[in-house]
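> Here is what each chain is made of, one letter per residue.
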Amino acid sequence: MPRRMLAYVRQLPGGGSEMANTIDIRGHGVVKGYAEGEALVADTTLSFWGEVDAVTGKVIGVGHPLEGISLGGRVLVIRSTKGSSGTPMVLNLAQLEGNAPAAFVNVEVDGLAALGCIVNEIPMMTELERDPFGLIATGDHVVVDADEGVLRVTRK
Amino acid sequence: MFAIAALGFRRVVRMCRVLSLEAGLIRRAWRGPITIGSGITSWRVSIRSAIKEGFMELTGEQQAVLDGSRGDYLAKCMRWLVDWGEVMGAKRLIKVDNTHALLPVPNLMAQGASKETMDRYMADLVEACSHGTHPGCTCTVHAAFVTLDEVDVPENDPEQVQMQKDLAVLAADAGFIPTFTCAPYLVGNVPLKDEILAWTESSAVVYANSILGARTTRHGTESAIAASLLGLVPEFGVLLDENRKGTLRIEVTAELEDPPDWGALGYFAGKAAGLGIPVFNGIRRPSQDEAKQLCAALATSGGVTMCHIAGVTPEAPTIDAAFQGDVPEEYLTFDAETLRETYESLRVRTGDEIDSVILGCPHASINELSKIAALLKGKKVAEGVRLWIDTARGTKGNADRMGYTEIIESAGGRILCDTCPTNMRIPAKRIVTHGFKQAHYARGMVGAEVIIAKTDACIRAAVAGRWLGDG
Chain R
2 MPRRMLAYVR QLPGGGSEMA NTIDIRGHGV VKGYAEGEAL VADTTLSFWG
52 EVDAVTGKVI GVGHPLEGIS LGGRVLVIRS TKGSSGTPMV LNLAQLEGNA
102 PAAFVNVEVD GLAALGCIVN EIPMMTELER DPFGLIATGD HVVVDADEGV
152 LRVTRK
Chain Y
16 MFAIAALGFR RVVRMCRVLS LEAGLIRRAW RGPITIGSGI TSWRVSIRSA
66 IKEGFMELTG EQQAVLDGSR GDYLAKCMRW LVDWGEVMGA KRLIKVDNTH
116 ALLPVPNLMA QGASKETMDR YMADLVEACS HGTHPGCTCT VHAAFVTLDE
166 VDVPENDPEQ VQMQKDLAVL AADAGFIPTF TCAPYLVGNV PLKDEILAWT
216 ESSAVVYANS ILGARTTRHG TESAIAASLL GLVPEFGVLL DENRKGTLRI
266 EVTAELEDPP DWGALGYFAG KAAGLGIPVF NGIRRPSQDE AKQLCAALAT
316 SGGVTMCHIA GVTPEAPTID AAFQGDVPEE YLTFDAETLR ETYESLRVRT
366 GDEIDSVILG CPHASINELS KIAALLKGKK VAEGVRLWID TARGTKGNAD
416 RMGYTEIIES AGGRILCDTC PTNMRIPAKR IVTHGFKQAH YARGMVGAEV
466 IIAKTDACIR AAVAGRWLGD G
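Going down the list, the protein sequences come from chains R and Y.
The letter at position 21 of the first sequence is residue 22 when you use the numbering used here, and the numbering goes up by one with no holes.
The letter at position 325 of the second sequence is residue 340 when you use the numbering used here, and the numbering goes up by one with no holes.
Hints in this document: simulated from the structure, not taken from any laboratory.
Because the structure is a prediction, the values reported are computed rather than measured.
Worth double-checking, as some hints may not be accurate.
[To be verified] Stretch-level coverage of chain Y by chain R, calculated; a stretch enters the list once three of its residues show a Cβ under 8 angstroms from a Cβ in chain R: (1) 91-103; (2) 115-128; (3) 212-218; (4) 450-459.
From the three backbone atoms N, C-alpha and C, an ideal C-beta is built for every residue, glycine too.
Given only the sequences and the hints, what does the whole structure look like? Please build it.
As structure tokens, then:
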């Protein structure tokens with residue numbers, strides 16, 4: 002969906018709007034920017050330090066619901082990151098290798114993930130008007146417009 | 016002065032709505048019931064009253080730096096601090112007295128990365144170290160991913176070691192003290208109460224805020240470097256009195272005897288507190304080593320920035336003071352059974368043979384090295400077992416002169432400086448350790464099974480070559 006088309010989306014009560022196979026969710030852009038990619042959804046927390054490989058972007062946390070999956074280019078829909086000083090460094094290396102998430106969609110914003118997103122220019126959204134875990138599934142295509150505060154989800 | 020002129024320039028982030036809750040380090044999108052372990056359970060918007068809007072106020076001089084008066088790199092540093100401050104709800108930048116910054120070559124952290132990635136990563140660090148630290152600001156350096164000592168360890172890539180050594184020289188010229196430790200408070204960087212810090216290393220952040228009464232939010236590489244060079248930090252979170260109020264009451268009935276017992280308490284409480292501030296009631300004053308384990312574990316299982324111990328820590332003469340007069344009636348209890356269960360949660364193993372005993376997480380104090388030397392005196396570490404004790408080079412210098420190093424080395428142990436085996440990514444199959452933080456991260460980072468144990472049980476395991484139980 003081209004970015005300019007978002008303005009034509011029909012508004013629904015509750016802050017969302019829908020077309021045939023797509024849904025819009027309004028929210029707040031913490032770190033501004035625009036990105037799109039395949040959603041990776043888990044109603045859980047994730048520590049970039051110790052649970053994500055900095056180079057491959059793969060989740061290495063033992064027993065983590067996303068274990069073995071690469072975050073590279075994905076729109077990461079999780080509850081929040083767990084804060085570690087190493088978060089921005091891991092994001093930086095992953096970004097340089099092209100394996101950082103395309104965008105973050107978080108329920109809670111951890112300060113160190115916000116710093117990592119600022120430094121690496123990765124958009125971050127929060128305060129969604131509708132439940133992201135009920136509406137977005139892994140594999141859906143998500144357009145993140147953190148400037149306008151809109152997520153456009155196209156179901157797979 | 017309100018920096019209206021900067022509005023158009025602030026492209027990347029814009030502070031819109033910030034909830035000043037709890038540690039103030041997070042912006043809570045939905046404030047619903049808080050459950051143990053998982054943070055907020057509701058995704059719904061319920062409270063907007065605490066939301067504030069606005070930009071940070073910058074002085075003319077700060078604005079000038081942002082606009083490039085001191086060059087591109089310092090403008091970028093100022094941009095990081097301003098953007099981060101606005102996201103986190105800061106109203107202004109304030110003077111920082113003391114920083115602890117990450118300046119590491121990545122070593123195996125960047126295993127498989129392209130040359131271009133490495134070059135760009137290193138160029139950023141060299142750029143950071145080519146500017147002087149702010150006059151009057153004490154700046155120490157966090158643990159590295161290599162040891163600068165010559166060791167027969169293949170993971171300690173000589174090329175990376177040389178790069179780290181070169182970087183250390185540049186950093187020292189810039190005014191950083193190359194301590195290379197995760198516990199700067201053990202090697203001379205001991206801030207006073209109310210001192211404003213910008214520290215990386217979450218365990219040290221909890222220690223500085225809770226035990227010493229200094230003030231620091233949790234910093235990352237870039238923010239700590241920017242703070243070191245500019246002498247400024249955005250004022251948010253626990254830098255402000257109102258965000259140092261306890262959020263979770265924990266009554267402790269278990270007897271805590273040894274540093275790892277305090278680690279267990281921290282591991283339990285961190286999981287329960289999430290990003291909040293736990294207040295412990297009913298426990299004695301911990302030793303420095305016990306406090307270190309408590310703080311490290313709090314920052315491992317949760318995102319805790321500080322805690323209080325009623326009747327012990329500087330801002331908690333009473334439980335009432337810890338909660339700023341608002342003591343919650345509900346509380347969690349940490350009893351003997353919970354203590355036992357917390358140990359068991361990090362003792363998932365498929366056998367008793369061990370290949371590694373790792374002590375000194377966070378970096379060992381001289382007191383710990385003396386106790387380990389006493390336990391090891393006249394003994395031999397089993398063939399094929401790696402007994403490593405991690406510490407700062409400053410502490411090892413003391414241990415050398417006091418004879419502890421010789422005792423530990425003649426028993427077959429090694430004192431490892433500047434880093435730790437988890438940072439170095441030393442492969443291991445089954446690790447015995449007294450550090451909850453080490454145990455937690457070693458599973459994912461080096462794929463090992465872990466057994467958490469008290470120091471004397473760790474040494475017994477090292478000598479026997481197998482886990483013998485608590486004994």
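> A separate judgement is required for each hint: does it hold in the structure or not?
Okay, the hints, checked on the actual structure:
no., hint, verdict
1, 91-103, "holds (count 5)"
2, 115-128, "holds (count 8)"
3, 212-218, "holds (count 3)"
4, 450-459, "holds (count 4)"
Violated hints: none; the structure is consistent with every hint.
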